[in-house]
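Protein sequences, first through last, are from chains S and U.
Heads up, the first sequence is in this note's numbering, so the first residue is 1 and it goes up one at a time.
Heads up, the second sequence is in this note's numbering, so the first residue is 1001 and it goes up one at a time.
Errors might be hidden in some of the hints.
Dumping the calculated DMTMM-like pairs for lysine to aspartate or glutamate here, alpha-carbon to alpha-carbon at most 25 Å [claimed, not checked]:
#1 Lys-1108(U) / Glu-1003(U)
#2 Lys-1109(U) / Asp-195(S)
#3 Lys-1125(U) / Glu-1083(U)
#4 Lys-1108(U) / Glu-281(S)
#5 Lys-1154(U) / Glu-201(S)
#6 Lys-1154(U) / Glu-1183(U)
#7 Lys-1108(U) / Asp-195(S)
#8 Lys-1125(U) / Glu-281(S)
#9 Lys-217(S) / Asp-1175(U)
#10 Lys-217(S) / Asp-200(S)
#11 Lys-1199(U) / Glu-202(S)
#12 Lys-1154(U) / Glu-202(S)
#13 Lys-1125(U) / Asp-195(S)
#14 Lys-1154(U) / Glu-1111(U)
#15 Lys-1108(U) / Glu-1119(U)
#16 Lys-1213(U) / Glu-1183(U)
#17 Lys-1109(U) / Asp-190(S)
#18 Lys-1108(U) / Asp-190(S)
#19 Lys-1109(U) / Glu-1126(U)
#20 Lys-1109(U) / Glu-29(S)
#21 Lys-30(S) / Glu-281(S)
#22 Lys-334(S) / Glu-1126(U)
Some chain S residues flagged as far from chain U (calculated, every beta-carbon gap over 10 Å) [what the hints assert, rightly or not]:
#23 Gly-27
#24 Ile-94
#25 Ile-209
#26 Leu-313
#27 Lys-334
For the record, the hints were derived by calculation from the structure and aren't laboratory data.
All C-beta atoms in this analysis are idealised placements derived from N, C-alpha and C, irrespective of residue type, glycine included.
Okay, here's what each chain looks like letter by letter:
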Amino acid sequence: MRVSRTALIGLPILIALPLIVHLLFGGSEKYYLHLLIQILIWSFIYTGWSLMGRFGLTSLGHGAFTGIGAYATVLLWNYAGLTPWLGVPVAMVIAVVVALLVGYPCFHMRITGHYFALLTLALTEFIRLCIVGLRDYTGGSLGTQPRRYGDGVSLYAMQFEPDRVLSYYIVLTLWLVGLYIWWRVDRSMDRFALDAASQDEEAAASVGINVTREKLKVTAISAAMCALGGAIYGQYQMYIGPDTIAGLSVSLNIVFACIAGGLWVMLGPTVGAVFTQVLSEVLRVSMQSSVTLQALFGSAVLALDTLIYGLLLILFIIYMPKGILGALLEKREKTSSAPTPPSRAVLR
Amino acid sequence: MLELSDIDAGYGGFQALFGISMSVQPGEVVAVIGSNGAGKTTLLRVISGLLPASSGAMSMEGVSLRQTPPHRIIETGIAHVPEGRRLFPRLSVESNLKIGAFIPAARKKFEERLAFVYELFPRLKERRAQLAGTLSGGEQQMCAIARALMSGPKLVLLDEPSMGLAPVIVAQVFDLVRRIRREGYTVLIVEQNVRQVLKIADRAYLLEVGRIKASEPAAELVASDEIRKAYMGI
Ligand SMILES: Nc1ncnc2c1ncn2[C@@H]1O[C@H](COP(=O)(O)OP(=O)(O)O)[C@@H](O)[C@H]1O
Ligand SMILES: [Mg+2]
């Protein structure tokens, strides 16, 4: 009920948002649309990660999958002339194969917790090194761009960035698809199985859950989503770099945002994306335009926003372990007298 | 029903079971007794596939179970109630039962079996919405047995159901075992509480440091001086 009422009000607002932005911020609507688009793409990526993260599979490897998505798509287009309509699926398949190759031994040997995080971190670093190493094609640490196809919007080349409103609707659709996938997984028996396995693997195996297979399934979905998100990000930005869409910083941002927003609720990762994107943007703008701060710290002011951002995240993790949305919903549940079905309430 | 012959098993380089041969006939309650570290838990884990045997043969109703993963073994009708109960503590009682019916064949019969285990254990029905981790020890054991029954087994493996429970509760737990036997389940039970388990078992195997030392009708084991001295403190 709660979700559907939210959807009933929220969806029309989201659809009308470009118009609202146009009316409110006439002059700088491009900037605000850009911010919204970024939030939606990252929300989709974060939602993909949370499919695994909520079951205690804390992957630091998803920066590899977004990187594979973005780079494979762009390289196939630039060097093989393959339209992203085929390039994106190919990129997703590559990401899934890599995910399964790393996931299978991990899950089979019951590697969890810190070891899993470290192993997946190594994957991220490996992919980043590959990107930097193949600098003749990838542009190394400077990054590269998809070759422009004509001047404006191109369906064939999947280039939509010149039209911000169109871009907004594309990523809005993407985001909705992400929520739909989350919802399907949440309702499935696999969710139950993974929940059980995250609490006690041996017991889960003893009731007939093929734990390795269940984990691989959700890993594949998660990697595919992140690859798709990475690819769309590249197509929208018309630039990909090893630090903006691949690598450890992306992996860490994903984890931070999901934890900040709330891992166990559908819109948690989205709230995390809104929070982290808006926060870093506000900090960046205010720090860099403040004369007092510049006088005080000189050029170090450029790093100040990242510093505060990191500090706030630490505070969040300590004081709001269920995330912003998780904590809010919990509060509402406590105050509202409406009885919720116990099994659902318990699982959230 | 269940046949084991010459099973060896262990952990890495450490061998815990040596040439175990045993059998369970339909309708029986068979006990495996032995002191701490004898290999009782290891034996049940081998039977349910959680630990692959390193050699030997095993079959359930004529179907060979060698190198069969746990999710296939459960489909042959073997359900394992692990040592220490191992419920999913942060899931409700009913969710635990739902997961007990995870295998495809059991999912279809979920409603029917849920009604059956609630009838068998009315206490669980009262506590259906409670988190499994907050149940009392005896209730947890009840829930663990019920979860195993949800897969629709023929043979139930029970690993020390009385472990860590107060004496009064222990008696209740053995009563549960009698009840599921009356429902027609075959039971293979592993226990250190020899005195109690021999009261409900038809036959018993004595396991000592990974080897079967004796295999006799329960009544004869009860009468044996050696057993009385070593395991029942009489
Ligand atoms: N996971 C394990 N790794 C290594 N050794 C184990 C493991 N589990 C049990 N053992 C060893 O195997 C032997 C049998 O243990 P177990 O089957 O648990 O005995 P019991 O259930 O009869 O108390 C013991 O010596 C124990 O130390
Ligand atoms: Mg034991």
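Worksheet entry | Hint check, failures only | As far as the earlier hints go, 1, 4, 8, 9, 11, 16, 20, 25 are violated by this structure, in ascending order.
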